[in-house]
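A.B. asks: From just these sequences and the hints, can you work out the full model?
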Amino acid sequence: MVEDNSIRFLLNGQIVCVTPDDPHMSLLQYIREQAALCGTKEGCAEGDCGACTLVVGKIIDGEIKYRALNACILLLAQIHGCEVITVEGLQGEDGALHPVQQALVEFHGSQCGFCTPGFVMSLYAHYRNQLPNDRQSLKIALAGNLCRCTGYGPIIAAGQAMYGYPKPVEPDSLKILQTITGTPQQDERLFAPTTETDLQELLQKYPDAVLWAGGTDAGLWLSKHLQDISSIILLGNIPELDFIRDDESGLHIGATIRYADVIELCADKWPAMGEVMRRIGSTQIRNSGTIGGNIANGSPIGDMAPMLITMDARLNLASAEGIREILLENYFLEYGKQDLRPGEYIHSIFIPKPARDIIFHAWKISKRFDQDISAVLGAFSYERKKGRINNLRIAYGGMAAIPRRAFLAEQALEGTCADDTSIAQACQALIRDFTPLDDMRASAKYREQVAKALLNKAFQDNPVSLATDKYQYE
Amino acid sequence: MSESVKNVGQPMEHDSALAHVTGQALYVDDLAEPADMLHLAFGRSTQAHAKILSMDLSKVRDFPGVTAVFCAKDITGKNDVSPMAGDDPLFAEDTVIYHGQALFVVAASSQRIARKAARLASITYQELPAILDIAAARHANSRLEDTQIMSAGNAREAILSASHIVSGCLNTGAQDHFYLEGQIAVAIPGEAQRIKVISSTQHPSEVQAGIAHVLARASNKITVEVRRMGGGFGGKETQALLIAAAAALVADKTGRAAKLRLDRDDDMAMTGKRHGFEMSYRAAVDEQGKILGIEMDLASDCGCSTDLSPAINDRAMFHADNAYFLPNITIRSERFRTNKVSATAFRGFGGPQGMMLIERVMDHIASEMKLDPLTVRQRNFYSKDNNITPYGQQVHDFEIPELVEELVKTSDYKTRRQQISKWNQGQQLKKRGISLTPVKFGISFTTTFLNQAGALLHVYRDGSVALNHGGTEMGQGLFIKVAQIVADVFGLPVTAIENSPTTTDKVPNTSATAASSGSDLNGMAAYIAANTIRDRLEELIISKHNCTKDQIVFADGHICFPGGKMTFAELAELAYLSRISLSSTGFYATPDIFYDRKTHKGKPFLYYACGAAVSEVEIDIATGESRVLRVDILHSTGKPLNPAIDLGQIEGGFIQGMGWLTSEEICFDDKGKLTTHAPSTYKIPTAADRPDYFNTALFNSKYEEPKTIGSSKAVGEPPFMLAISVHSALRAAIADARQHKDFTPLNAPATPQNILSELLAK
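These protein sequences, in sequence, are chains A and B. For the first sequence, the residue numbers in this note's numbering are 1 to 474. For the second sequence, the residue numbers in this note's numbering are 1 to 762.
Note that these hints are calculated values from the structure, not bench results. Treat the hints with caution; some may be incorrect.
To be verified - Each computed BS3-like pair below joins lysine-lysine, with the alpha-carbon atoms no more than 27 Å apart:
hint	chain 1	residue 1	chain 2	residue 2
1	B	Lys196	B	Lys73
2	A	Lys269	A	Lys385
3	B	Lys290	B	Lys221
4	A	Lys457	B	Lys741
5	B	Lys409	B	Lys221
6	B	Lys639	A	Lys457
7	A	Lys386	A	Lys445
8	A	Lys457	B	Lys430
9	B	Lys409	B	Lys370
10	B	Lys422	B	Lys384
11	A	Lys224	B	Lys59
12	B	Lys702	B	Lys673
13	A	Lys224	B	Lys639
14	B	Lys673	A	Lys445
15	B	Lys370	A	Lys457
16	B	Lys430	A	Lys445
17	B	Lys430	A	Lys452
18	B	Lys290	A	Lys224
19	B	Lys370	A	Lys452
20	B	Lys639	B	Lys707
21	B	Lys762	A	Lys452
22	A	Lys445	B	Lys741
23	A	Lys445	B	Lys671
24	A	Lys445	B	Lys762
Bear in mind that the values here come from a model prediction, so they are computed numbers and not experimental data.
C.D. replies: Shown next, in the form of C-alpha cells:
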C-alpha cells in the first residue's frame with residue numbers, strides 16, 4: 001500500500017482510502033454522506049442515543065478486537081487502520097441474515113426501525129465477542145441504545161436467542177488490516193503523532209491544539225456546538241500512552257486507556273469503583289472514552305475524579321521538560337481551570353496501592369440508572385482500626401464547581417468511631433464544605449441531602465444500594 | 001375445501017422488519033439528494049417573550065455557502081402553521097412568544113453551514129414579561145379559552161352531606177416525545193408551481209393544507225408523502241408542518257430542492273410536548289370507600305398557542321373517571337397560555353393526566369379508610385347499573401371487573417401485597433410497594449368529523465395488489481395490520497399485498513394517524529375497497545360460470561367455484577380482459593358517535609379499550625432512587641388483528657408511560673429556556689429500566705365488539721396509562737416508609753429528588 005497521508009480503513013470488507021476536505025469530518029458524516037450507507041442513523045449527535053452505533057475492529061496484540069462505537073462523535077481520522085462494520089455489512093454473501101438480525105425479526109424487535117440498526121450493531125459486537133447473553137449482560141450491552149417504541153423486551157429476547165442460530169463464517173480481516181500502515185495525519189488541522197516526542201514538539205508549536213483521546217466529550221464541540229477547531233492532535237496512535245501497569249506500587253493507567261480496558265481490573269480491586277464505572281456512559285462510550293480525558297476536561301461532574309481523589313491518585317503531567325507528578329486533587333483549580341501548563345499533557349494516572357484493609361465506597365446518584373450524568377457522586381475511603389476511622393478521604397462530584405474533597409467533614413470524623421454524633425457533625429460540616437450545583441439534574445437542596453445520606457451510608461456495616469447490577473429480585 | 005389460512009389474527013412480523021434490521025428501510029434523511037439541494041436551518045429566538053426591535057441578518061446572508069435567508073415578510077400566503085386557531089406563525093413577526101421560536105430560515109450548501117450561519121443573526125429585543133408557569137398564567141388571567149365544565153349529578157351537595165372527605169392535589173410534568181428520528185422534511189419543486197414534500201408526519205393532509213396556505217396556493221398543487229416515520233407518538237401530528245412549510249417555502253422561492261432536518265436540540269426546543277397539569281380534588285366517600293361525589297380541578301400549561309389543546313384538555317376530562325362510576329361530579333378544566341413552546345398531542349392526548357388524578361384519589365381513599373387500594377378501586381368500578389359516564393355515555397360490555405379479577409390471580413397480587421408489607425417491616429433503608437391500576441380508554445376522535453378514512457386499492461393483471469390508505473406508519477404496525485385485512489378478503493398471503501407510501505394525491509382529506517384509530521379507520525376503509533373489487537370479481541365469475549356468490553371461495557391464492565378453480569392472478573387477468581375495473585377506493589366513517597362540546601355531553605366514543613397492570617417497585621429511602629421490580633399486564637385488544645404487534649404496543653407504551661412518571665423531567669430555566677434539550681439531560685428509559693419480571697398477556701374477552709374490523713380493539717394509546725401502576729406503587733412504598741401518616745401527593749415524574757422530598761416532607 002502506498003504510504004500517503006490518506007485515512008485508510010476497511011469498510012464492510014473493502015479497503016477505503018479517503019482524504020476528506022474537512023479533516024474533522026465525523027465517521028458518521030463519511031458513512032452516510034460519502035459512502036451512502038444510510039443504515040447508520042443520527043439520532044442525537046452526542047453519543048447518547050446509539051442510533052449511529054457501528055462496530056470497529058482494531059488490531060490489539062496481534063488480533064482484531066471488535067467494539068461497538070458511536071459514529072457521530074468519532075472522527076473519521078480515528079479509525080485509520082481499523083475495520084469498520086456497518087449494518088449493511090452483516091448479511092452473508094447469499095443474503096442470509098446474521099443471527100442478530102434474524103433474531104430481531106423473529107422476536108419483533110423493531111417497530112419504527114430507526115434505532116434498529118444501532119441495536120443490531122450493539123448486539124453484533126456482543127455476538128462477535130461471544131459475550132454472555134444473559135439478561136444482565138445484554139442490558140449492559142444495550143444501555144447505550146435508546147428505543148422509544150418497543151420497551152426493550154423483544155430486543156433483549158432476541159439477544160438471548162441469538163446464539164441459537166447457525167454461526168456464520170466471519171471473514172478474517174487481520175491480514176488485510178495489517179497492510180494498512182502510516183498515519184492519518186492531515187494538514188495542520190489534524191495531527192496524528194506516534195511518539196510522545198512528536199506530541200511534545202507539536203504541543204510546543206501549536207499550544208492551542210485540542211488533544212483528542214476518545215472524543216466522547218470533545219466530539220460534541222464539533223457535532224453539536226459546531227466549533228471550528230484550528231488543530232486537533234489525536235492521541236490514539238501513541239503506544240507510550242496506551243498502557244496499564246499493575247505492580248507493587250499500585251496501578252498505572254496510561255492517558256489513552258479506555259474505561260472498557262480497565263473496568264474489570266478496577267472492579268476486581270475495588271468493587272464499588274467497578275459498579276460506578278460500569279454506569280459511566282454506555283458500552284459505546286466506555287469503548288471510546290478514556291479516563292485521562294475524563295480528568296483532563298476538569299468537569300465538575302466527571303465520575304472518576306472523586307473516586308480517584310479519595311485513593312490519593314496522582315497525575316503524571318508530561319511535557320518536553322519531563323514529567324511532573326501532582327496529586328489529582330490539586331489538578332482541579334476552579335471551574336474550567338486546571339493545573340496544566342502550556343505544552344503539558346496527561347501522561348498517566350497512578351493509583352497507589354492502598355492499605356490492605358481499606359474500606360472504599362462510591363455511589364453514583366442520577367435520575368436514570370444507566371447512562372446518566374451524576375447529580376451527586378460520593379466517594380469514601382478509610383481504614384478502621386480498633387473501631388476508629390483513619391486516613392479518611394471523602395470526595396464528591398456535583399457538589400461544587402470542581403470535584404473536591406470534603407475537608408471539614410473528614411476532620412469531623414477522622415479518629416472518631418463514626419458514631420452517630422460524629423456522623424451528624426460531619427453532615428453539618430458538609431454544608432460548609434460545599435455549595436452544591438443547582439440545575440436540571442438536581443436541586444442544590446437534593447444534592448446536599450443526598451451527600452449527607454451517602455456519608456451516612458459509608459459508615460454502615462453493609463450499606464445497601466439499589467443502584468447496582470447485582471441487584472436480584474426475590 | 002380445506003379451511004383457508006387467515007392472515008388476520010396471526011402474529012406476523014412488521015412488514016418492514018427485514019428492511020429495519022438490514023438498514024434498508026429508508027427514512028426521509030436517507031433518500032438520495034438532488035445535486036443542488038439546499039440544506040436548511042432555523043434561526044431561533046433567544047427570549048421567551050419580547051418585542052423584536054431589529055433583526056439584522058446580514059452576517060447570516062454573507063456567511064460563505066449561504067444561498068438565501070427567508071423570514072416572515074417573505075411569506076406570500078398566510079404566516080401560520082397552526083392546525084386550526086391561526087396562532088402559530090411559521091416565523092415570528094414583531095413579537096416572540098417562546099424561547100426557541102423560529103425567526104427565519106437559512107438555506108445553504110450544507111447542513112453544517114446552514115446551522116452555523118443561523119447562529120450569526122443580530123437581533124435586538126425589548127423584553128416583555130414572560131409567563132412561565134400555571135400560577136403566573138392564572139395571576140395574569142392568560143387563558144386559551146374559557147374554563148370548561150363537565151358535570152353530572154350534584155357534587156357539591158354530595159360533598160356537603162358526606163361524613164368522609166378526602167382532598168388533595170397532584171402535578172404531572174410535561175414529556176418530550178423523543179422519537180428517535182427528529183423532525184424532517186424535503187421539498188422538491190416541480191413544474192407549474194407544484195411542490196412535492198416528503199415529510200415525517202402523522203398528518204400528511206394537514207401538512208398539505210398548511211403549505212398551501214403559506215404559499216397561497218391551491219391544495220392540488222401540493223403533494224405530501226410519507227413512507228414511514230422513525231417514531232411519532234403524537235409529536236408529528238401538528239408539529240411536522242412547521243418544518244415542512246419552511247422547506248416548501250425555500251423550495252418555492254429558490255426553485256431548488258430543500259431539506260430541513262432539525263438537530264435534536266432544535267427539535268426539543270421548538271416542538272411541543274405533553275401538557276403539564278396541576279390538579280386538585282375533593283371527594284365525598286362512604287364507609288366502603290365508594291365515591292359519592294367529587295370535584296376535580298384540572299389546570300394545564302398549554303404553552304404559547306392553541307394547537308390541539310382544547311381537545312387534549314377535553315380528553316383529560318373524559319378520562320378523569322377512568323374505570324369508576326362517579327355519579328356526582330364536577331370537573332373544571334382551565335387551559336392556560338404561557339410563554340413556552342406550545343404543548344401538543346402525545347400518546348393518550350390528555351387522558352393520562354386525567355387518569356392520574358382519579359388514581360391518586362383511589363390511593364388517597366384507601367389510605368384514609370385503611371383499605372386495600374385494589375378493594376377501593378373494585379368497589380368504584382362501573383357496573384351494570386352504574387354505567388353512565390360524566391359526559392353521558394353508557395359503558396356497556398365493560399371488561400375491567402373480570403379482567404382485573406383474572407390479573408389479581410395471575411399476578412398473585414394478594415399474596416405479594418402481604419409479603420411486601422412483611423418485608424418492609426424488616427427493612428430500614430429500603431421499602432417496596434405494589435399497585436394494580438386499570439385503564440379504560442375511549443376510542444374515537446372526540447372531534448366527531450375526524451372519524452373518517454379512505455383507502456385506494458389496485459389489483460394488477462398479475463394478481464399483485466397495491467394498497468394505499470390515509471394512515472401513516474410510524475412503527476405501530478398499521479401497514480401490516482391493514483395488509484392482513486386486505487389479504488384475507490382476497491384469500492391471498494399477506495406478502496402479495498404491497499404497502500405504498502401514504503400520499504395526499506392517492507387518498508385525499510385524511511385525518512391524522514392518531515387517537516389510536518389508525519387500524520380501526522383505515523382497516524375498515526381498505527376492507528371496503530377490497531370488498532368492492534371482490535364483488536366485481538365475483539360478479540364476473542357468476543356471469544361466466546352460472547353459480548351463486550356464496551359458492552365462490554377466495555382462499556390460499558385461489559378462487560374456487562362450482563366446476564372450476566383458478567389462481568388469483570388468472571382471475572385478475574380475466575377481469576382485465578373482461579374490462580372490469582380492478583381499482584377501487586374505500587371510505588369509512590365511524591357510525592353512531594356524537595358530541596356536543598357546549599354541554600360536554602354525548603357519545604364521543606365508539607367503544608372503550610381496557611386493560612390493567614400490577615407493578616412492584618422498590619425505593620432507597622436515603623437517596624430517593626427507585627426501581628421497578630416486576631410488572632404484570634393484562635390488556636384487551638378484542639380479537640387482535642395481530643397479537644405480536646399488539647404486545648409490542650402494550651409493552652412499549654407501558655415503558656414510555658413509566659418514563660413519563662419516573663425519569664423524564666422537562667425543565668425550563670427562569671428565562672423560559674428549555675434546559676433538558678437533549679438525551680444527555682432528558683432521560684427516557686433504557687433497557688436496564690425494564691424489569692426482568694415482565695409478564696404481558698392479552699385478555700380473552702367474552703364480549704365481541706361488533707362495530708370494529710374483525711372485532712379488534714385499538715391499542716396505540718391505552719397501554720401508556722398502564723404505567724400509572726408504577727407511580728401508584730411508588731406512592732405505596734413511600735407511604736410505608738412514612739408509616740402511613742399524612743398522605744403525600746407524589747408529583748410526577750417521581751425522580752429520586754421528588755421521592756426523597758416526599759419521604760422527608762413534614
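A.B. asks: It remains to establish, for every hint, whether it holds in the given structure.
C.D. replies: Going down the list of hints, with the structure as the test:
1. B:Lys196 <-> B:Lys73: At roughly 23 Å apart (the allowed maximum being 27 Å), lysine 73 (chain B) and lysine 196 (chain B) satisfy the hint.
2. A:Lys269 <-> A:Lys385: holds, 21 Å
3. B:Lys290 <-> B:Lys221: Outside the cut-off at roughly 59 Å; violated.
4. A:Lys457 <-> B:Lys741: holds, 26 Å
5. B:Lys409 <-> B:Lys221: violated, 59 Å
6. B:Lys639 <-> A:Lys457: Distance ~53 Å between lysine 639 (chain B) and lysine 457 (chain A) Cα, so the pair is violated.
7. A:Lys386 <-> A:Lys445: violated, 35 Å
8. A:Lys457 <-> B:Lys430: At roughly 13 Å apart (the allowed maximum being 27 Å), lysine 430 (chain B) and lysine 457 (chain A) satisfy the hint.
9. B:Lys409 <-> B:Lys370: Cα-Cα ~22 Å, so holds.
10. B:Lys422 <-> B:Lys384: Given that 27 Å is the threshold and the Cα spacing comes to 37 Å, the pair is violated.
11. A:Lys224 <-> B:Lys59: holds, 21 Å
12. B:Lys702 <-> B:Lys673: With a Cα-Cα distance of about 51 Å, the restraint between lysine 702 (chain B) and lysine 673 (chain B) is violated, given a limit of 27 Å.
13. A:Lys224 <-> B:Lys639: Measuring from Cα to Cα gives roughly 47 Å; hence the hint is violated.
14. B:Lys673 <-> A:Lys445: holds, 22 Å
15. B:Lys370 <-> A:Lys457: violated, 33 Å
16. B:Lys430 <-> A:Lys445: The hint holds at about 22 Å.
17. B:Lys430 <-> A:Lys452: Roughly 17 Å between the alpha carbons, so the hint for lysine 430 (chain B) and lysine 452 (chain A) holds.
18. B:Lys290 <-> A:Lys224: violated, 55 Å
19. B:Lys370 <-> A:Lys452: At roughly 34 Å apart (the allowed maximum being 27 Å), lysine 452 (chain A) and lysine 370 (chain B) break the hint.
20. B:Lys639 <-> B:Lys707: holds, 12 Å
21. B:Lys762 <-> A:Lys452: Given that 27 Å is the threshold and the Cα spacing comes to 18 Å, the pair holds.
22. A:Lys445 <-> B:Lys741: holds, 24 Å
23. A:Lys445 <-> B:Lys671: Distance ~21 Å between lysine 445 (chain A) and lysine 671 (chain B) Cα, so the pair holds.
24. A:Lys445 <-> B:Lys762: holds, 16 Å
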